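Chains A and B, in that order, give the protein sequences.
According to our numbering, the first sequence is numbered sequentially starting from 1163.
According to our numbering, the second sequence is numbered sequentially starting from 7.
If you are wondering where the hints come from, they were derived from the structure by calculation, not from laboratory data.
Because the structure is a prediction, the values reported are computed rather than measured.
C-beta: ideal position from N, C-alpha, C; glycine also.
Check before you lean on any hint, since a few could be wrong.
Claimed, not checked - Lysine-lysine pairs mimicking DSBU-like chemistry, simulated, CA-CA at most 30 Å apart:
id, chain 1, residue 1, chain 2, residue 2
1, B, Lys243, A, Lys1507
2, B, Lys111, A, Lys1507
3, A, Lys1608, B, Lys115
4, A, Lys1507, B, Lys102
5, B, Lys102, A, Lys1600
6, B, Lys111, A, Lys1608
7, A, Lys1507, A, Lys1518
8, A, Lys1608, B, Lys179
9, A, Lys1518, B, Lys76
10, A, Lys1570, A, Lys1256
11, B, Lys137, A, Lys1600
12, A, Lys1302, A, Lys1343
13, A, Lys1303, A, Lys1379
14, A, Lys1518, B, Lys179
15, A, Lys1370, A, Lys1337
16, B, Lys135, A, Lys1606
17, B, Lys76, A, Lys1608
18, A, Lys1332, A, Lys1379
19, B, Lys115, A, Lys1606
20, B, Lys135, A, Lys1518
21, B, Lys137, A, Lys1507
22, A, Lys1606, B, Lys102
23, B, Lys115, B, Lys135
What the hints assert, rightly or not - For the chain A half of the interface with chain B, some residues (derived, Cβ under 10 Å), not all of them:
id, residue
24, Gly1441
25, Ile1505
26, Tyr1512
27, Ala1516
28, Pro1528
29, Val1603
30, Trp1605
What the hints assert, rightly or not - Sample of chain A residues facing chain B (criterion: CB under 8 Å; computed from the structure):
id, residue
31, Thr1224
32, Ser1513
33, Gly1515
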Amino acid sequence: MDSESVFTELAHETINIVLSIAKVLPFLAALIVIILACQAIWHMVRKGVSVGDSYNSLKTVTFGDESTVVSNKSASVISVLLIFVLWGSFTGSKLLPEFLHVPGPFMGSGEFTYTSDNGAGDTDKATVSIQVHAAGEKGKKPTVASGDGFALNDALVIQAYRSKLLAWDKNDTAKRKTGAKIIKVNDQTISKGNPVDVGFARVALTDKGTLNLVPHKGVQMENIYLPAPEQVWERLITISKEGYQNVTLGQHLGLSLWRVVIGFLIGALVGIPLGYAMGLSNWFRGWFDPIVEFMRPVPPLALIPLVIIWAGIGEEGKVVLLFLAALWIMAIAARSGVSGVRITKIHAAYSLGASKLQILLHVIIPNSLPEIFTGARVAMGVCWGTVVAAELVAAEKGLGKMIVAASKFQNTDVVIMGIVLIGLIGFAIDVGIRVLEKYLVPWKGKG
Amino acid sequence: MSDLHIDNISMRFDLPGGGSVQALKNINLDIKSGQLLSVLGPSGCGKTTLLNIIAGFLAPTDGEIHLEGKAINGPGPERGMVFQQGALFEWMSVRKNVSFGPDMKGVPKSESAPEVDRLLDLVGLQEFKDKAVYELSGGMQQRVALARCLANDPDVILMDEPLGALDALTREKMQSLVLDLWKETGKTIILITHSVEEALLLGERLLVMAPRPGRVHKEYFLPFADLGVGADLREVKKHPDYAVKREEILAMIWEMEEEIMGRTEEAS
Chain A
1163 MDSESVFTEL
1173 AHETINIVLS
1183 IAKVLPFLAA
1193 LIVIILACQA
1203 IWHMVRKGVS
1213 VGDSYNSLKT
1223 VTFGDESTVV
1233 SNKSASVISV
1243 LLIFVLWGSF
1253 TGSKLLPEFL
1263 HVPGPFMGSG
1273 EFTYTSDNGA
1283 GDTDKATVSI
1293 QVHAAGEKGK
1303 KPTVASGDGF
1313 ALNDALVIQA
1323 YRSKLLAWDK
1333 NDTAKRKTGA
1343 KIIKVNDQTI
1353 SKGNPVDVGF
1363 ARVALTDKGT
1373 LNLVPHKGVQ
1383 MENIYLPAPE
1393 QVWERLITIS
1403 KEGYQNVTLG
1413 QHLGLSLWRV
1423 VIGFLIGALV
1433 GIPLGYAMGL
1443 SNWFRGWFDP
1453 IVEFMRPVPP
1463 LALIPLVIIW
1473 AGIGEEGKVV
1483 LLFLAALWIM
1493 AIAARSGVSG
1503 VRITKIHAAY
1513 SLGASKLQIL
1523 LHVIIPNSLP
1533 EIFTGARVAM
1543 GVCWGTVVAA
1553 ELVAAEKGLG
1563 KMIVAASKFQ
1573 NTDVVIMGIV
1583 LIGLIGFAID
1593 VGIRVLEKYL
1603 VPWKGKG
Chain B
7 MSDLHIDNIS
17 MRFDLPGGGS
27 VQALKNINLD
37 IKSGQLLSVL
47 GPSGCGKTTL
57 LNIIAGFLAP
67 TDGEIHLEGK
77 AINGPGPERG
87 MVFQQGALFE
97 WMSVRKNVSF
107 GPDMKGVPKS
117 ESAPEVDRLL
127 DLVGLQEFKD
137 KAVYELSGGM
147 QQRVALARCL
157 ANDPDVILMD
167 EPLGALDALT
177 REKMQSLVLD
187 LWKETGKTII
197 LITHSVEEAL
207 LLGERLLVMA
217 PRPGRVHKEY
227 FLPFADLGVG
237 ADLREVKKHP
247 DYAVKREEIL
257 AMIWEMEEEI
267 MGRTEEAS
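Let's have the full structure, built from the sequences with the hints guiding it.
This is the structure we're talking about:
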């Protein structure tokens, strides 16, 4: 491929992306309007409630004063609620009252008429009765009288979101092969390329002269694309009891966490001393600087293929990958922790008679702990992301494996449940380390 | 005798871009045991370099320093150091900071505890001993630094602008404390300062240093430190000689600063 065609291709792609963004813009604008409207309502509600004078509320300059900007809890609650309401609304969730649902697919029964021309100039009308049923339910074919004339009445069952071809002449006496064709649907002229809307469905004429019936789909998401919140929740309950594909949820979850913890611990065990050595010795700094500076920007995900080639898809491979993901981050954190020691502290310790080992133990290591905790937070985050990605590529068990397996069976509820679990666990890890940090290094940022 | 002999110290070092700096040239000092020496001078006169050489953090290019007849070639517990700020260990309580020296020497807690308590009393921090040091005010932190230094029982205390980061009121209180501690412990103290008033009030002996190259410009022996022990320092400042000396030294330093400015202007 020559370079020019690459450029034209990229130009096309860029235009496509810009157009897609343009399509989303009205929705973005609507979201902003909703956010501002909620704020206005919240302000009106709050005016009625006395909240007292906090120091911040007495400040007249707030726009641009970062200290007055604190996360509004009400906004957070409304935001999360809104996500669930939208989710429920677009999936027809049972948790929401009907009037909050966006229009769903047509379901129930409907009928339309077609007018057939037997090819000899005679026309006859027949009625088609249709029952549209939800996925997973069994539709009942409407019973109809056969009617009279050469076109006879038909009955059809269609599943919501699906379409069906109607071979209308199967029971008619005027067949297509004898020249019969449909000229009108619901008394409106129909031809190829000019479908007719019969109120609950779109009826189109196919090349072969049959009718293609497409019931209206509404704007709700189909279940296999986005299941309702309660379905995801039910799925979580059943999977936590019964497991998914013969593996319990605890095993999936535990295995992913185990990999992260082991990989991170080995990475920290090697990386922290390495960082200390780099922070304390010219020789070690010079020796490892090129390696660390080169390996740091390599995303761990890019190492997955190599790790699979070298270590296979077993546990060793994943632990090695996570070890590598944590190693450089922890080494750099420890190094900057050492470099961050104020020279006056070291001088003070020396002039108080401390030996090198004592200075390492009582000054350098405690002084570097805040940096190491920051590194640990970053490393655990990266490890968690990496383990899921590695499991997506190759694993037998694990949360990543679970969602990629579920996606192959279109089990979207399992996929969404897995993603939510991955997010919650990642968040919990971060909060956990922050709590540990507050408890173990209370002097952080106070030196 | 724990006299400190500074023997013809010179210090010059190469700059990375070529050229070199003569930070100190031919410094000779004899500091008697128990003397309180304050060192004053415009920035760049090498006073901190001199202190770092005495502390053993820097090696002079020429000359030698002896404390009690022993040559100095590195930091040691017989020379305690008090820094401007940020030298306390935030991960230790006030008490652990103060007992750091004895702890490092392996002195059992039971032995060091009475002395640590006495020092905490002396600097007025007994009730804060279990607090974290970052919970204390700047003045209190410097009290901890003083107590920590004294707990190690050094022969010489080196102070590098220990009160420089404090507000004027706290500074005045701390100056009294330094004088009291000096009288109480009888330690040799070398105090580096930017403030002419502080150098006058705290210096039994006062050195004015001049820059480029760093050298001793003038030396005074003053009565104010003795007068200030246990007394109100504001009364000491009313001494007729105080204002005279203050003006004299200020003029001296002004002149040096002007000279530096002139030289840099010529250069540019």
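To see whether the hints hold, each was checked on the structure:
1. A C-alpha spacing of about 35 Å is found between Lys243(B) and Lys1507(A), which places the hinted pair above 30 Å, so the restraint is violated.
2. With a C-alpha separation of about 18 Å, the suggested pairing of Lys111(B) with Lys1507(A) holds against the 30 Å cut-off.
3. Note on Lys1608(A) and Lys115(B): the hinted pairing holds, with a Cα-Cα distance of about 28 Å set against a maximum of 30 Å.
4. A threshold of 30 Å between alpha carbons decides the hint, and for Lys1507(A) with Lys102(B) the separation of about 15 Å falls inside it, so the pair holds.
5. Taking the CA atoms of Lys102(B) and Lys1600(A), the gap is about 21 Å. The hint holds against a cut of 30 Å.
6. Our distance criterion of 30 Å between C-alpha atoms is met by Lys111(B) and Lys1608(A), whose separation comes to about 28 Å.
7. Only pairs whose Cα atoms come within 30 Å are accepted, and Lys1507(A) paired with Lys1518(A) is accepted, the gap being roughly 13 Å.
8. As the CA atoms of Lys1608(A) and Lys179(B) are separated by approximately 25 Å, the hinted pair is consistent with the 30 Å bound.
9. As the CA atoms of Lys1518(A) and Lys76(B) are separated by approximately 22 Å, the hinted pair is consistent with the 30 Å bound.
10. The suggested pairing of Lys1570(A) with Lys1256(A) holds, with an alpha-carbon distance near 27 Å, which does not exceed 30 Å.
11. Taking the CA atoms of Lys137(B) and Lys1600(A), the gap is about 17 Å. The hint holds against a cut of 30 Å.
12. The straight-line distance between the Cα atoms of Lys1302(A) and Lys1343(A) is roughly 28 Å, inside the 30 Å bound, and the hint therefore holds.
13. Our distance criterion of 30 Å between C-alpha atoms is met by Lys1303(A) and Lys1379(A), whose separation comes to about 20 Å.
14. About 36 Å separates the Cα atoms of Lys1518(A) and Lys179(B), which puts this hinted pair outside 30 Å; it is violated.
15. For the hint linking Lys1370(A) to Lys1337(A), the alpha-carbon distance of about 12 Å falls within 30 Å, and the restraint holds.
16. Between Lys135(B) and Lys1606(A), the direct Cα distance comes to roughly 20 Å. Compliance with the 30 Å bound is thereby established for this hinted pair.
17. Between Lys76(B) and Lys1608(A), the direct Cα distance comes to roughly 39 Å. Violation of the 30 Å bound is thereby established for this hinted pair.
18. About 27 Å separates the Cα atoms of Lys1332(A) and Lys1379(A), which keeps this hinted pair within 30 Å; it holds.
19. A threshold of 30 Å between alpha carbons decides the hint, and for Lys115(B) with Lys1606(A) the separation of about 28 Å falls inside it, so the pair holds.
20. Pair hint Lys135(B) plus Lys1518(A) holds up; C-alpha atoms about 27 Å apart against a cutoff of 30 Å.
21. With a CA separation close to 19 Å, the supplied pair Lys137(B) and Lys1507(A) stays within the 30 Å bound.
22. A distance of roughly 18 Å separates the Cα atoms of Lys1606(A) and Lys102(B); the hinted pair therefore holds under the 30 Å criterion.
23. At most 30 Å may separate the alpha-carbon atoms for a hinted pair to count; Lys115(B) and Lys135(B) meet this at roughly 15 Å.
24. Below 10 Å, beta-carbon pairs count as interface contacts, and Gly1441(A) has none with chain B, the closest being about 18 Å; its hint is therefore violated.
25. Interface hint status for Ile1505(A): upheld, as the beta-carbon distance to the closest one in chain B is roughly 9 Å, under 10 Å.
26. Among the interface hints, the one on Tyr1512(A) holds; its C-beta lies about 4 Å from the nearest C-beta in chain B, closer than the 10 Å criterion.
27. The interface hint given for Ala1516(A) holds, since its Cβ lies 5 Å from the closest Cβ of chain B, which is under the 10 Å cut-off.
28. The closest approach between the C-beta of Pro1528(A) and any C-beta of chain B is roughly 4 Å, which is under the 10 Å cut-off, so the hint is satisfied.
29. Taken as an interface hint, Val1603(A) checks out: its beta carbon lies about 8 Å from the nearest beta carbon of chain B, inside 10 Å.
30. A hinted interface residue such as Trp1605(A) counts as satisfied when its beta carbon comes closer than 10 Å to some beta carbon of chain B; here the least separation is about 4 Å, so the hint holds.
31. Of the supplied interface hints, the one on Thr1224(A) is violated, with its beta-carbon coming no nearer than about 30 Å to a beta-carbon of chain B, more than 8 Å.
32. Restraint check, Ser1513(A) versus chain B: the minimum CB separation of about 4 Å is within 8 Å; hint holds.
33. With a cut of 8 Å, the hint placing Gly1515(A) at the interface with chain B holds, because the nearest CB-to-CB distance is about 3 Å.
Going through the hint list in order, the structure does not satisfy hints 1, 14, 17, 24, 31.
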